[in-house]
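S.K.: Below are the chains, spelled out letter by letter.
Number of protein chains: 2
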Amino acid sequence: MNKYWSKLVSQLEPYVPGEQPQDQQYIKLNTNENPYPPSPRVLAALKDSIDGSLKLYPDPNSLQLKQAIADYNNVSIDEVFVANGSDEVLAVAFQAFFKKDQPLYFPDISYSFYEVYCKLYEIEPKKIPLDQNLSINLSDYTGENGGVIFPNPNAPTGKALPLSSIRNYIEKNTETVVIVDEAYVDFGAESVIPLTKHYPNLLSIQTFSKSRSLAGSRIGFAIGNRELIEALERVKNSYNSYTLDKLALIAGSTSIKDIDYFQHTVNTIIATREETSRQLQALNFSVIPSSTNFLFVKHQSVAAETLYLKLKSQGVLVRYFKRPRVDNYLRITIGTEDEMKTFLQRLKDIINS
Amino acid sequence: MNKYWSKLVSQLEPYVPGEQPQDQQYIKLNTNENPYPPSPRVLAALKDSIDGSLKLYPDPNSLQLKQAIADYNNVSIDEVFVANGSDEVLAVAFQAFFKKDQPLYFPDISYSFYEVYCKLYEIEPKKIPLDQNLSINLSDYTGENGGVIFPNPNAPTGKALPLSSIRNYIEKNTETVVIVDEAYVDFGAESVIPLTKHYPNLLSIQTFSKSRSLAGSRIGFAIGNRELIEALERVKNSYNSYTLDKLALIAGSTSIKDIDYFQHTVNTIIATREETSRQLQALNFSVIPSSTNFLFVKHQSVAAETLYLKLKSQGVLVRYFKRPRVDNYLRITIGTEDEMKTFLQRLKDIINS
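Sequence lines, in order, name chains E and W. 1 is the number of the first residue of the first sequence in our numbering; add one for each residue after it. 1 is the number of the first residue of the second sequence in our numbering; add one for each residue after it.
For the record, the hints were derived by calculation from the structure and aren't laboratory data. Careful: at least some of the hints might be erroneous.
[Claimed, not checked] Some, not all, of what chain E presents toward chain W, calculated at C-beta under 8 angstroms:
no. : residue
1   : VAL9
2   : LEU12
3   : PRO14
4   : LYS47
5   : ASP51
6   : LEU54
7   : LYS100
8   : LYS119
9   : LEU120
10  : ALA215
11  : ARG218
12  : GLU227
13  : ALA231
14  : ALA248
Every value quoted in this text rests on a predicted model; they were computed, and no experiment measured them. The beta-carbon is built from N, C-alpha and C at its ideal position, and this holds for glycine as well.
When you get a sec, could you build the whole thing from the sequences and use the hints?
M.R.: Put into structure tokens, the structure is as follows:
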């Protein structure tokens with residue numbers, strides 16, 4: 001520790017994202033990116049927007065993007081918050097809602113960034129174990145809490161809760177904010193967005209990085225009661241007036257209007273996921289039924305870490321987490337049909353050798 | 001205050017940026033944007049980069065951009081930190097260095113975001129008055145502090161300190177981090193970057209929004225000792241792995257390589273500033289000598305607020321701050337020669353009417 005650092009800095013345990021190799025051609029099934037490009041309308045709109053007006057600050061209120069998100073989700077514009085990726089939305093929400101006297105509840109096996117935010121914003125975490133089937137059981141989330149956050153579907157398991165379970169839970173947990181991190185919701189789960197009209201403490205957080213093929217543009221959003229949104233705006237406007245740049249605003253607002261392309265690519269990924277799941281089971285993997293664009297799988301006899309390393313040496317990146325309870329699983333992003341065929345062939349060769 | 005908000009939220013006093021009208025054609029001399037477009041090489045590189053690879057996350061370490069900044073400034077890559085605008089760089093730096101037991105020192109008339117960060121990150125501010133000439137006098141910044149930040153040149157005054165004064169000060173203030181916010185340094189002041197090799201507690205923060213015509217892309221950076229940079233990285237990686245999107249990385253790294261364009265536009269703005277200053281003095285304004293891309297001016301007889309409102313009604317936006325000591329000043333961004341001619345003509349008509 002350097003004497004110039006604040007005490008905070010040495011306590012931090014920064015998040016480590018999945019590898020983003022810049023120099024080599026991998027089949028990249030490790031960071032849950034979409035294998036299909038953004039909508040052609042997005043690329044055309046971006047090309048049209050590259051001009052001298054980049055000299056000007058973007059709209060600090062991101063109204064064009066918020067309106068597009070509001071229209072698509074049948075909410076009003078003041079029920080929408082946007083920021084630089086859903087990670088930034090989460091960071092703002094942690095400051096706005098979870099700096100409380102009671103601990104924040106979240107699943108022990110989940111998006112590992114939640115713990116990292118807790119360190120940075122000095123929030124006490126309380127990790128609730130997944131049940132024996134690696135499911136979130138919301139009846140374990142009762143008790144005095146300063147807030148609750150869980151992904152639905154959960155990552156890295158890929159498992160979704162039905163909307164009825166979440167509604168039952170929020171009926172009881174009325175005193176603190178409940179955030180449902182819906183990064184993967186478009187691949188087969190039900191969003192809580194319609195419920196946010198009825199529950200003033202419920203917030204949905206979503207991203208353009210997965211189902212909308214725009215990880216490179218960094219766009220995330222939250223939808224909830226306008227007083228929750230006001231809190232997010234107050235925090236955001238206290239550290240950066242302009243979190244979304246001009247081109248990201250254009251990419252996002254154009255993307256959300258191309259409904260056909262969105263539905264087509266999402267449906268293709270779901271079909272590829274189901275086919276990949278069948279093939280993996282035939283190779284003696286146990287596969288958790290997924291509502292996401294990835295599969296969480298375990299082989300009958302070959303260790304996950306071995307498979308991860310051998311696949312990497314053969315040009316296929318998947319994600320391996322060296323963490324209790326899941327250290328024999330691999331998380332495999334769903335790529336194109338061709339990528340999955342190549343992946344399955346290399347996997348077969350590794351297992352048979 | 002809503003019961004779901006953390007206590008912090010209701011204490012915040014968010015920053016209010018200058019108006020960014022989205023719907024009307026103004027001569028915009030209010031937010032210190034560059035009147036010239038980004039380098040043509042930047043626009044060409046951006047157009048070439050609009051493709052399907054936007055589906056992938058950007059490099060979380062922004063190496064391409066950091067290397068370009070390092071090369072230009074004769075430092076090594078691990079002495080460079082980048083983020084989503086210099087406001088985000090500042091926000092990260094406040095968390096990394098200024099959460100201390102002692103107060104943070106900064107000028108009372110300065111970038112008003114500093115106070116806003118203090119509220120968000122629970123840092124005690126100690127505002128040091130500018131001297132009677134509206135100058136920063138660093139001999140007033142001695143004493144037990146948890147850190148020091150000031151812009152050089154200062155905003156909104158436009159006044160610069162010589163490098164020798166800053167060196168003298170940093171020789172004495174060795175126990176806490178001193179940040180020099182160099183947002184406007186390219187328009188006529190000396191950067192502290194060469195000094196960062198010798199002083200492990202000195203950090204320069206700069207932006208691409210002013211001298212590089214890229215306010216729309218949101219790019220800021222810091223240069224300092226690698227241990228200071230490591231602290232910034234630790235904070236950044238604890239809330240957002242990917243603060244700079246793919247297109248911003250390309251815009252920034254291309255911009256910094258077009259040295260001729262940069263020097264030409266900066267020199268043009270400086271020449272226009274000096275000519276505008278002469279004209280304003282002829283209209284009975286007192287004009288503070290500026291080392292920035294704006295002028296801070298006061299009229300002999302007509303109130304600044306009146307001028308601000310009348311100019312706005314005639315389609316010219318300038319910045320007016322209703323704050324003690326400077327509430328009779330206008331801050332006027334330097335536009336193109338034509339814009340300044342129109343501005344001066346309208347101003348003359350208002351004063352004569």
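S.K.: Any hints from earlier that this structure breaks? Give me their numbers in increasing order, please.
M.R.: Of the numbered hints, all hold.
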